[in-house]
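*Asks:* Residue numbers (the working numbering), protein chains in the order written: chain A, 1 to 90; chain B, 101 to 190.
It should be emphasised that the hints constitute simulated quantities derived from the structure, not laboratory data.
Given the structure is predicted, the values throughout are model-derived calculations rather than measurements.
You may find that some hints are simply not true.
[Stated by the list, open to error] Some chain A residues near chain B, calculated using beta-carbon distances under 8 Å:
#1 I2
#2 N4
#3 N25
#4 C29
#5 D37
#6 M39
#7 A40
#8 L43
#9 P48
#10 K49
#11 V51
#12 Q72
#13 I74
For each residue, glycine too, the CB sits at the ideal point set by N, CA and C.
Protein chains: 2
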Amino acid sequence: MIINYSELAVKELINEVLQAYASQNPGTCKCERCKNDIMALALNNLPPKYVVTDIGRVYTKAVFDQVGGKAQVIAALTSAIQRVRQHPRH
Amino acid sequence: MIINYSELAVKELINEVLQAYASQNPGTCKCERCKNDIMALALNNLPPKYVVTDIGRVYTKAVFDQVGGKAQVIAALTSAIQRVRQHPRH
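Just chain A, same shape as in the assembly (with noise of 0.2 Å):
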C-alpha cells in the first residue's frame, strides 16, 4: 500500500496544534467539519511524501523526519487554522 506521510503528520498533530491555538484565541472552533478543511488545506500546502509500506509498519518518529521535522507542519497547521477561522464552512 502508498501512503502519504504529511497526511499522518498532520493528523498526528492536528488536535495539539488546534489545542494550542484556541487557548490563545478564544472562539476558535473545533468541530469535525472545520479540523477537516483545516488539515486538507495545511496538506495542500505541504510537499507530498508518499511511500510504498506495510501495513502497520509506520512509526509516528519516521513520519516527522520523512516530512522535514513537525517545525513546518505546526506553520502549515496555524496557517490553515487562521485561514478557517476567518471563512469557516460549518
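Once you've looked at the hints, dock chain B against the given chain A.
*Replies:* Same frame as chain A, now just chain B:
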C-alpha cells in the same frame, strides 16, 4: 474525511497507463511492488489536492477536473514508470 484527489486519479489510471507503456516497451514490470513505487513517485511529483468529502461521494469525472485533467497525471505516471523501470526494487 479527507481525500487526496491526486491519489484517486493515480489509482484510477495506473493500470491503463502501465499497460500502454508495457505494450510499447516489452519487459516492463507490472508487479505490485513496482506499481506501488510508480504511484508513490508520481504522487510526489503532482500537487496534492485534498478535499473534505463524505464517503461514497467521489466521482471519477470530478477527480480529473480537480487535478487539472488527465494529461498531467498520465505524464507523471509515465515519468515514474521510466524511473522505476531503470531502478526496480522488486
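*Asks:* All the hints need checking, so say for each whether the structure fits it.
*Replies:* Each hint tested on the structure:
1. Using the Cβ-Cβ criterion of 8 Å, the hint placing I2/A at the interface with chain B is satisfied: the shortest such distance is roughly 5 Å.
2. This hint holds: N4/A has a C-beta 7 Å from the nearest C-beta of chain B, less than the 8 Å allowed.
3. Hint on N25/A is violated. Least Cβ distance to chain B is approximately 22 Å, over the 8 Å limit.
4. A least Cβ separation of about 14 Å between C29/A and chain B goes past the 8 Å threshold, and the interface hint is therefore violated.
5. Interface hint status for D37/A: upheld, as the beta-carbon distance to the closest one in chain B is roughly 6 Å, under 8 Å.
6. Because the smallest distance between the Cβ of M39/A and any Cβ of chain B comes to about 5 Å, under 8 Å, the interface hint for this residue holds.
7. With a least beta-carbon distance of about 4 Å to chain B, the hint placing A40/A at the interface is held under the 8 Å criterion.
8. Satisfaction of the interface hint for L43/A is found here, the shortest Cβ-Cβ separation to chain B being roughly 4 Å, below the 8 Å cut-off.
9. Contact between P48/A and chain B, as hinted, is supported at the beta carbon level, the nearest pair being about 5 Å apart and thus within 8 Å.
10. With 8 Å as the threshold, the beta carbon of K49/A comes within range of chain B, its nearest partner Cβ sitting at about 7 Å, so the hint holds.
11. The beta carbon of V51/A is positioned within 8 Å of a beta carbon in chain B (closest approach about 6 Å), and the interface hint is therefore held.
12. About 14 Å separates the beta-carbon of Q72/A from the nearest beta-carbon of chain B, more than 8 Å, and the hint is not met.
13. Taking 8 Å as the C-beta cut-off, the interface hint given for I74/A is violated, the closest approach to chain B being about 18 Å.
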